[in-house]
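Colleague: Put together the whole structure using the sequences plus the hints.
Number of protein chains: 2
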Amino acid sequence: MLARTDRTTLRQRSHRGSYDEADIYAILDEAPACTVAFVEDGRPVGIPTAHWRIGDRLYVHGGMGSRLGRAMAAGAELCVTVLLVDGLVLGRSAMHHSMNYRSVVLFGRAEEVTDPAAKEAALAALIEKLSPGRYPHVRPPTAKELAITRVLSLTIAEGAAKARSGPPVDDAGDMDRPVWAGVLPLSLARGEPVADPQLAEGVTLARP
Amino acid sequence: MLARTDRTTLRQRSHRGSYDEADIYAILDEAPACTVAFVEDGRPVGIPTAHWRIGDRLYVHGGMGSRLGRAMAAGAELCVTVLLVDGLVLGRSAMHHSMNYRSVVLFGRAEEVTDPAAKEAALAALIEKLSPGRYPHVRPPTAKELAITRVLSLTIAEGAAKARSGPPVDDAGDMDRPVWAGVLPLSLARGEPVADPQLAEGVTLARP
Numbered sequence: 003m004l005a006r007t008d009r010t011t012l013r014q015r016s017h018r019g020s021y022d023e024a025d026i027y028a029i030l031d032e033a034p035a036c037t038v039a040f041v042e043d044g045r046p047v048g049i050p051t052a053h054w055r056i057g058d059r060l061y062v063h064g065g066m067g068s069r070l071g072r073a074m075a076a077g078a079e080l081c082v083t084v085l086l087v088d089g090l091v092l093g094r095s096a097m098h099h100s101m102n103y104r105s106v107v108l109f110g111r112a113e114e115v116t117d118p119a120a121k122e123a124a125l126a127a128l129i130e131k132l133s134p135g136r137y138p139h140v141r142p143p144t145a146k147e148l149a150i151t152r153v154l155s156l157t158i159a160e161g162a163a164k165a166r167s168g169p170p171v172d173d174a175g176d177m178d179r180p181v182w183a184g185v186l187p188l189s190l191a192r193g194e195p196v197a198d199p200q201l202a203e204g205v206t207l208a209r210p
Numbered sequence: 003m004l005a006r007t008d009r010t011t012l013r014q015r016s017h018r019g020s021y022d023e024a025d026i027y028a029i030l031d032e033a034p035a036c037t038v039a040f041v042e043d044g045r046p047v048g049i050p051t052a053h054w055r056i057g058d059r060l061y062v063h064g065g066m067g068s069r070l071g072r073a074m075a076a077g078a079e080l081c082v083t084v085l086l087v088d089g090l091v092l093g094r095s096a097m098h099h100s101m102n103y104r105s106v107v108l109f110g111r112a113e114e115v116t117d118p119a120a121k122e123a124a125l126a127a128l129i130e131k132l133s134p135g136r137y138p139h140v141r142p143p144t145a146k147e148l149a150i151t152r153v154l155s156l157t158i159a160e161g162a163a164k165a166r167s168g169p170p171v172d173d174a175g176d177m178d179r180p181v182w183a184g185v186l187p188l189s190l191a192r193g194e195p196v197a198d199p200q201l202a203e204g205v206t207l208a209r210p
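If you read the protein sequences in the order shown, they are chains A and B. Add 2 to a position in the first sequence, counting from 1, and you land on the number used in my numbering. Add 2 to a position in the second sequence, counting from 1, and you land on the number used in my numbering.
In short, the hints are calculated from the structure, not lab data. This one's a predicted model, so the numbers in the text were calculated from it and none came from an experiment. Careful: at least some of the hints might be erroneous.
Since the list can't tell identical chains apart, any single copy or any two copies may satisfy a pair.
As the list claims (entries may be wrong) - Pairs of lysine to aspartate or glutamate, DMTMM-like flavour, derived with a Cα cap of 20 angstroms: (1) K146 x D172; (2) K146 x D88; (3) K121 x E147.
Modeller: Laid out in structure tokens, this is it:
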């Protein structure tokens, strides 16, 4: 259970919140990408980026020249936001429309992974997140490739998950209104794999 | 075409960027939600929230007590980040794994919509985004409901879109590696509508 802090104490609909690692980790693991926000010249900047998790640490990576990578490597305060939209909630009244979702907001500072073996292990975990079992089959990074890639990690220590699920919650006086009410589910669905046009003959996808 | 500013000039893979309103609007309209980042006590905070667009303005809403709503209403500098993940790109080498995506990053300050009629019109546009043609059928907001809801809008003037699409771009020396390469497409897909268990008998969904 993560400790609550002033900035992770939910002020709106706090019954929808959770500080439980299991809830937080499940959302982080399902989402392919997050927004990392930092402050630059006193103003907020939020950059979308892929993320992954190893134990109680969240990882991101990027090129050496990226604004986000430089800010993170310099120890900037960060806010990581992850959102999974699960559905559109259509109520009988305008104000009871909502969204079903699961989100995580984390705060902290990142540390740069500089040891080449640790860097490769972290990147391997990203590829395993994208496609489990894949890493042993791809060409591993060269020393030069590792050198031009920044890998950063943040301890998952200060943050909270928040979620809404279920049907709309309408006012009693609106229940007989002759308008459809319910949820239009949304999910990040996988389509049919699209092979690289240059794929060598006879190579098949073991598992997507 | 939005004017480039220092903070919207893309530093990484700038060929993937666009300042064209049509590109930016299309991404904003397709995504159900964004992250709005602001600075609180010198530190970044990124909050996920639903958004919608009317012309050249982006809208969000929230309760009067919300941290985000208060910061926005107070004229805080904001960064709005929208991300659509289109696929996982599996390369033949570890470093050529990537993601297909479309994103928008906007900067600016919000203005609060205070006129009740303008507020209702803005909220109607949100409901029309969720389900086109729906607004005339729901109960409109009361004066009290409007009074406890904050609606804010931001001119879409400083920002950029960025996107990646297509197969992995592998090194020539890796092309014969016997590992599947290509794209695992992802999209935010709609499932079968789930009617509210308390839906009045005989009410059907005209169009989801």
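Colleague: Take the hints in turn and mark each one as holding or not.
Modeller: Results of checking the hints against the structure:
1. Taking the shortest Cα distances, K146 and D172 sit within 20 angstroms of each other only across copies (16 angstroms), while inside one copy they are farther apart (59 angstroms).
2. In this homomeric assembly, K146 and D88 never come within 20 angstroms of each other (Cα to Cα): the closest approach is 41 angstroms inside a single copy and 29 angstroms across copies.
3. In this homomeric assembly, K121 and E147 come within 20 angstroms of each other (Cα to Cα) only inside a single copy, at 11 angstroms, whereas the closest approach across copies is 52 angstroms.
This entry does not satisfy hint 2, going by the numbered hints stated previously; all others are met.
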